[in-house]
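Required output: the full structure, derived from the provided sequences and hints.
If you count the sequence shown from 1, you need to add 625 to reach my numbering.
None of these hints come from the bench; they were simulated from the model. Among the hints, erroneous ones may be present.
[What the hints assert, rightly or not] For each label pair, taking beta carbons as the anchor points, the in silico distance ranges come out as:
(1) 703 - 775: 46 to 56 Å
(2) 654 - 699: 14 to 24 Å
(3) 759 - 701: 35 to 45 Å
Where is the CB? At the ideal position from N, CA and C, for every residue including glycine.
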Amino acid sequence: MTGSLSDLAAWTPSGQCSIARALRVVGTRSAMLIVREAFYGTTRFDDFSRRVGMTDASTAARLKELVSVGVLAKQPYRPDKGRARQEYVLTQMGEDLLPVVIALMQWGDKYLHQGTGPLTVVDPTGSEVRVSITDPDGTVVPMSDLSVRSEPHLRDSAPAEPPVVPVAPL
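Next up, the structure:
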């Protein structure tokens with residue numbers, strides 16, 4: 626890539642880097658696997674714990690963290706007229722992670738599964754869906770044509786850090 630940030634001595638991301646800030650929210654393996662499971666339709670605590678292969682304590686910590694930052698929301702449900710319980714559903718913030726999850730899956734398929742992974746994301750016609758970088762008209766833009774620019778209004782003031790509940794890493 627080219628552009629004003631290609632002169633690395635002229636700019637440092639400090640607290641303004643959106644990638645670093647996003648990784649504070651969903652940058653652990655367990656957080657991303659819980660988000661993956663939420664996309665697959667998992668909503669209940671025990672199912673998250675079992676499907677991701679985490680202890681109950683780790684599952685509780687990650688779910689609490691993802692709820693506190695707004696990726697997931699808790700909503701009540703009552704199974705078979707039993708006591709009320711909570712299930713976890715994706716918020717708009719969480720749903721906006723779909724391209725990230727699919728891109729990670731497709732990268733893993735390509736480089737870690739010799740091109741074909743265990744699952745393929747398809748559209749209603751059954752055609753495979755791919756994640757790519759496009760312009761507003763939908764034209765794919767190759768990396769060689771990309772450039773970056775520093776947004777002047779963000780150079781001098783870093784926005785507040787997103788709230789993150791500290792938890793022990795897995």
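Verification of the supplied hints:
Remark: the range hint 46 to 56 Å for residue 703 to residue 775 is upheld by a beta-carbon distance near 52 Å. Checking the proposed 14 to 24 Å range against residue 654 and residue 699 shows it holds: the Cβ atoms sit about 23 Å from each other. Taking the beta carbon of each, residue 759 and residue 701 are about 39 Å apart, inside 35 to 45 Å as hinted.
In summary, this structure violates none of the numbered hints.
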